[in-house]
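**Q** So the protein sequences, as listed, match chains H and Y. Here UniProt numbering is used: the first residue of the first sequence is 1, the next is one more, and so on. Here UniProt numbering is used: the first residue of the second sequence is 1, the next is one more, and so on.
Don't take every hint at face value.
Quick list of in silico lysine to aspartate or glutamate cross-link-like pairs, EDC-like style, CA-CA up to 20 angstroms [as the list claims (entries may be wrong)]:
#1 H:LYS154 <-> H:GLU130
#2 Y:LYS417 <-> H:GLU344
#3 H:LYS448 <-> Y:ASP151
I should point out that these hints are in silico values taken from the structure, not numbers from a laboratory.
Number of protein chains: 2
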Amino acid sequence: MADNFDTGNKAHDSAEDNLNRVVELLRKHDLVTRLVHKQDMPRRDLVENLVHKQNLTELHTLLDDMHSADVACVLEALPLNDRLLVWDLVKAERDGEILLEVSDAVRESLIKAMDSDELLAAAETLDTDEIADLAPDLPKDVIQDLLESLDTQKRARLQSALSYPEDTVGGLMDYDIVTIRADVTLEVALRYLRRLGELPEQTDKLFVVDRNGALQGVMPLQRLLLRQPDEKVADVMAEEVVTFHAEDDASDAANAFERYDLVSAPVINADRHLIGRLTVNAVVDHIRQESDSDMLSIAGLREEEDIFASVWKSVQNRWAWLAINLVTAFVASRVIGEFEGTIEKLVALAALMPIIAGIGGNSGNQTLTMIVRALALGQIHPDNAKKLFRKEIGVAFINGLIWGSVVGIFAYLLYGKPALGVVMMGALTLNLLLAAFMGVAIPAIMHKFGRDPAVGSSVLLTAVTDSGGFFIFLGLAALFMPYLT
Amino acid sequence: MADNFDTGNKAHDSAEDNLNRVVELLRKHDLVTRLVHKQDMPRRDLVENLVHKQNLTELHTLLDDMHSADVACVLEALPLNDRLLVWDLVKAERDGEILLEVSDAVRESLIKAMDSDELLAAAETLDTDEIADLAPDLPKDVIQDLLESLDTQKRARLQSALSYPEDTVGGLMDYDIVTIRADVTLEVALRYLRRLGELPEQTDKLFVVDRNGALQGVMPLQRLLLRQPDEKVADVMAEEVVTFHAEDDASDAANAFERYDLVSAPVINADRHLIGRLTVNAVVDHIRQESDSDMLSIAGLREEEDIFASVWKSVQNRWAWLAINLVTAFVASRVIGEFEGTIEKLVALAALMPIIAGIGGNSGNQTLTMIVRALALGQIHPDNAKKLFRKEIGVAFINGLIWGSVVGIFAYLLYGKPALGVVMMGALTLNLLLAAFMGVAIPAIMHKFGRDPAVGSSVLLTAVTDSGGFFIFLGLAALFMPYLT
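Throw the hints in and build the complete structure from the sequences for me.
**A** Take a look at the structure:
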């Protein structure tokens, strides 16, 4: 609720500077601790204990001066022992705020180190929408205690906030809404605001509602400042407003914020009743998280990983992808196995086949990325899909001729067999066509069945271009064997 | 400069709805055009010409009602012919705004269809910072004409805006700054604002400067609204402000906006003179573009591609990556070539070797993604780097034992040779260790030499795990050949 202008830094602190300062103090502390443990002279002990304490005090002060988001960055960058040491030094009343800022994986490690009372105290410093964000990581009994400690309105809000999935507008919205009536003058509205004393962060407009809570319009703060105080709210407010519903997809809302350059927007229900608001900072966090999880899922990491997680935890996070990968590799291996007789006749085929498979996979992934992106931006329409398809096939064909000639010449020069060059060229062209076909078809089919085309389509594509590439190349070689040996 | 509350939609329009409506009208138009061309009866001709015109008028109205950002989305989703037809129907005074919104590739296609006068007229509707964004795509003579048409202050601004690289704060900032003096009362400041008539979009604070233009603080609109009119600006303003320099890295600034939940922030020079401001909408656009270009570069697309670009243009956009890929594939092929004698003795090796290479590449990319991410978030410090390294090696070792056993048993069951299973297990473990080592080392080294670790590191890693995997597996097999045959 506080405004964010006094962040305590003249310029913004870089994450690295903060980290360096904390690590320096931790290292000093560590050094002293080790000295104390090693030497048993009681007098020295006393001296070192003092130095030790001084370091911690310094660290304490440093942390107090840092913005919560900066403390969160430092915590994420520290190994578990140091992380918990720093976490203990953070003032208890900031615990809630910082827990909100850290990544899921790090939050888990911090919550594990807190008891129920500490968690309850931390959660009680937060707004209901923020508590809802923490809830998945909190123990059940803490949530129960929390619900009991809240008043009726807040409890109802928390329960409804908990009911929205994370990737909907409901999951992102907050309840910091300031409402005014349409039939008062700006003067009256201003007096009301002064009584309130402060406005929620990222407030660029007030919401105008009727007595039943139905949204009638919005009052930009700008207009409140610039128009005459004796004008009526109804005459000054904007009536056509970009609104959202709690069930709307969060990514669609993010696109709308981006397109219309919004700072905040009302969230309404089916009866146009105002139920919350969406702010640009929630949207920015969502965009970041989304692009992050895209990157992770491309690499086959199940979820965000605490970089200092235990070896065993990391193994668990990564195993699913490796297992899938193993299955597709086994399939490709069996395809090759079927042609062992062919390879026996001409062992050069074994050396050349990864070229066909590899280039097919890469070219297919280029097509796939284009299509996934176009789907995400809503650029694909039944009318233009065929056109796109033809284009990708065309690109694959030309690439097949160009790169096929290159690999064909390479094979000819190495093994001195012109027919081998022709087989390479034919196989590469066919595999690039297969790759282009799958690169369009896989995401299009996933999209049609309501699935996210970004997840898993690259694995599927590579599986097809690998096995398919081996099959095409070795199959062609088997057909033309008389000319090859 | 206008406020953005009247976007003309009750709820936000989805990109798909808009596209569907435009395509429907275009299809009708197309149908009529074709009828007219086919039939030569003059009377019918007249009738159809009328229907034809009516469709275009309808499309015209639809486009006029759409937000510029929405028109941009539609243009991106249309094949070139339709795109230019729609572009012609858009009112000339909106051309500039829409050119700003479309993707680089689509902008190029639209600019190509405009003559110098149209371009000049479009650019003149824009602010200097916006012209600077368009400039890279404009013909040189248009920029020259533009510079001549601007007044001295604007020309100086445009020239300085053109001098900042795209990925710096200077490249993102705008010049819509409203400044006030510290020694006046809020009352006076408010009177001044009312005279101005309107505030720039995304204004949440005014900038307080001294007579030389040096920044003294910021005045949040909130405080202007809530505090007493007779108070002095100096007593109400926030003095500790998050500020940026024009040379600052845009991504660092985006991180700061995210951490401190900013809506706008002042950009100052070395003397603390206010030179511009950074707004959250510019930051959001930057974040989007960055995550987009990450995704494209992972797939090896050189730049954003117009999905309806010509086949030939697409081939050019994609060739660099395929060429690199070809080189790494050739290297891997030569590694296998060295072991042709070994494969001749046991052709099963050819079928099994892609498993070792494939799983190594995938596991290495998981490590790589973790490290690239941690580097981007500033989480890696010399002190903890060793720890990370040990962890990744540990994960690779455990995965090697687990998945190594699986592939070992697979090989044993298929070929009935226990020694082959042992070789598979050993080779996979070694290749996973190599992958983990390279997954940490490649991005760390790129980061150390000031390069973006996200670009190209995955290609490099896969090249090593492919060639390395083939070498390890076939080398081990050659060593243990007596037990394998």
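**Q** Determine for every hint whether it applies to the structure shown.
**A** Right, here's what the structure says about each hint:
{"no.": "1", "hint": "H:LYS154 <-> H:GLU130", "in the structure": "12 angstroms, holds"}
{"no.": "2", "hint": "Y:LYS417 <-> H:GLU344", "in the structure": "19 angstroms, holds"}
{"no.": "3", "hint": "H:LYS448 <-> Y:ASP151", "in the structure": "54 angstroms, violated"}
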